[in-house]
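Trainee: Residue numbers (my numbering), protein chains in the order written: chain P, 4 to 120; chain F, 97 to 209.
What the hints contain is simulated information worked out from the structure, not anything from laboratory work. The beta carbon of each residue, even a glycine, is placed where N, CA and C say it ideally should be. Mixed in with the good hints, there may be bad ones.
[Stated by the list, open to error] Cβ-to-Cβ under 8 Å is the rule here; a few derived chain F residues that face chain P:
1. P140
2. Y145
3. R156
4. F157
5. K163
6. G195
7. G200
[To be verified] Straight-line C-alpha distance at most 20 Å; calculated SDA-like pairs for lysine to any residue:
8. P:K16 / P:P98
9. F:K166 / F:S122
10. F:K98 / P:G43
11. F:K98 / P:T41
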Amino acid sequence: KAGVTQTPRYLIKTRGQQVTLSCSPISGHRSVSWYQQTPGQGLQFLFEYFSETQRNKGNFPGRFSGRQFSNSRSEMNVSTLELGDSALYLCASRPSDRDSSGANVLTFGAGSRLTVL
Amino acid sequence: QKEVEQDPGPLSVPEGAIVSLNCTYSNSAFQYFMWYRQYSRKGPELLMYTYSSGNKEDGRFTAQVDKSSKYISLFIRDSQPSDSATYLCATLDRGSTLGRLYFGRGTQLTVWP
Chain P
4 KAGVTQTPRY LIKTRGQQVT LSCSPISGHR SVSWYQQTPG QGLQFLFEYF
54 SETQRNKGNF PGRFSGRQFS NSRSEMNVST LELGDSALYL CASRPSDRDS
104 SGANVLTFGA GSRLTVL
Chain F
97 QKEVEQDPGP LSVPEGAIVS LNCTYSNSAF QYFMWYRQYS RKGPELLMYT
147 YSSGNKEDGR FTAQVDKSSK YISLFIRDSQ PSDSATYLCA TLDRGSTLGR
197 LYFGRGTQLT VWP
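Same shape as in the complex, but just chain F (with noise of 0.2 Å):
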C-alpha cells in the first residue's frame, strides 16, 4: 500500500464548478501536508502548506485536513480553464529529512469553458 492514496482521476468540470480534490495517507507521523500543482511539461509548484488540522484558505483555494481520518482535501471554488493541471498531494513524516516528500499519484483536472 502506497503511503498516500489519491485517486488519479480525471477530472473533468465546466468553468465556474466547485472542485474537491482528495487524498488519504496511512502513516500517523505525517504531519505537514502540501498540495502541487504541475502543468504539462513542468515541474510541481506549491499551491498550498498546512500543518495542523483544520481549513486553510488561499484565494479560491482552500486545504483541509483531518488528521483523525488522515484525509487530506484540496477545494478549488470558481474554478477557471486555467486551473487545468494535474494536483498533487504531498505528506512530510515528522521523523524524516525535510526533503522527503511523500506523494500521491496526482490528479488530472480538466476545466472546459
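This is chain P alone, in the form it adopts within the complex (with noise of 0.2 Å):
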C-alpha cells in the first residue's frame, strides 16, 4: 500500500512569491492534516480537512490556505513569501473522521522541504 505522497520534495522560492505543495493520502483514508515543521517552533498545525471540507485551522496568517479534493487529495498554498516561511511542510493522513483508536492515528508524508531566499 502506498504511503502519503507528497510533491515537490524540494523547492526554492524568493520572497513574495507564492507556493503550492500537494499531498496524496494513503488510499481510503478521507482525512489529511497539514503541518509545518521547523527547528525554532518543531511541528504546528496548519488545517485539517475532511471531505472536501477544512474542519480545523491553526494559528497562521491568511497567506496560507489549503482546500480537499472530491479524490481526497489535498494542496496547501502560500501566498507573499517570507523568508520565515521555510520550513519542511509535512501532509498526513488518517482512515476516519471519528474513530480516536490507535488505527486512526495520522500518517505522515516525507514532506515537501521549501526554502525562501
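If you follow the hints, you should be able to join the two separate chains into one complex; please do so.
Mentor: This is the structure we're talking about:
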C-alpha cells in the first residue's frame, strides 16, 4: 500500500512569490492534515480537511490556505512568501473522521522542504 | 507556554543503553498520547499510541503516561544505532478534531556503536 505522497520534495522560492504543495493521502484515507516543521517551533498544525471541508485551522496568517479535492488529494498554498516561511511542510492522512483508536492515527508523508530566499 | 514541552537534547548514548525520553503537557483535556520517530529527511512515523495512564510495551519500546502529573515517557531498552533519530511526543485533545495533534519539539537521539 503506497504511503502519503508529497510533491515537490524540495523547492526554492524568493520573497513575495507564492507556492503550491501537493499531497496524495493513503488510498482510502479521507482526512488530511498539514503541519509546518521548523527547528525553532517544531511541528505546528496548519489545517485539517475531511471530505473537501476544512475542519480545523491552526494559528497561521491568511497567506496560508488549503483545499481538498473529491479524491481526497489536498493542496496547500502560501502566498507572498516571507523568509520565515522556510520550513518542512508535512502532510498526514488517516482513515476516518471519528474513530479515536490507534488505527486512526496520522500517517505522515516525507514532506516538502521549502526554502525562501 | 507551549502545550507540550520536550527537552530537545541532543542525547547521545552507547549501544545497549536504556534511553528515557520525556515530555510534559499542560492541558488536562489531552487524552491520547503518541510517540513518533523521525529519521533525517523523512516524515514522522508512529511508534506508540496510548490512551490511559499506565504502561504500554511494544518490543524494546515502553510508553508510560501519568495523567496526574501530566508526564509522558518513552523508554528504549537495548538501544541500537538504528534507533538514532528524533523522537517526538504528541497529544490529542478530546475536544478537538482528530487530525490536530500537539507536538513537543522533539529529542534528537544518537546511539553510537
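Trainee: Run every hint past the structure and note whether it holds.
Mentor: We went through each hint and held it up to the structure:
1. P140: holds, 5 Å
2. Y145: holds, 4 Å
3. R156: violated, 19 Å
4. F157: violated, 14 Å
5. K163: Violated, about 16 Å.
6. G195: holds, 4 Å
7. G200: holds, 7 Å
8. P:K16 / P:P98: violated, 33 Å
9. F:K166 / F:S122: Satisfied, since the Cα-Cα distance of roughly 7 Å is no more than 20 Å.
10. F:K98 / P:G43: Status holds; Cα separation ~12 Å.
11. F:K98 / P:T41: Cα-Cα ~15 Å, so holds.
Checked against the numbered hints above, the structure violates hints 3, 4, 5, 8; every other hint is satisfied.
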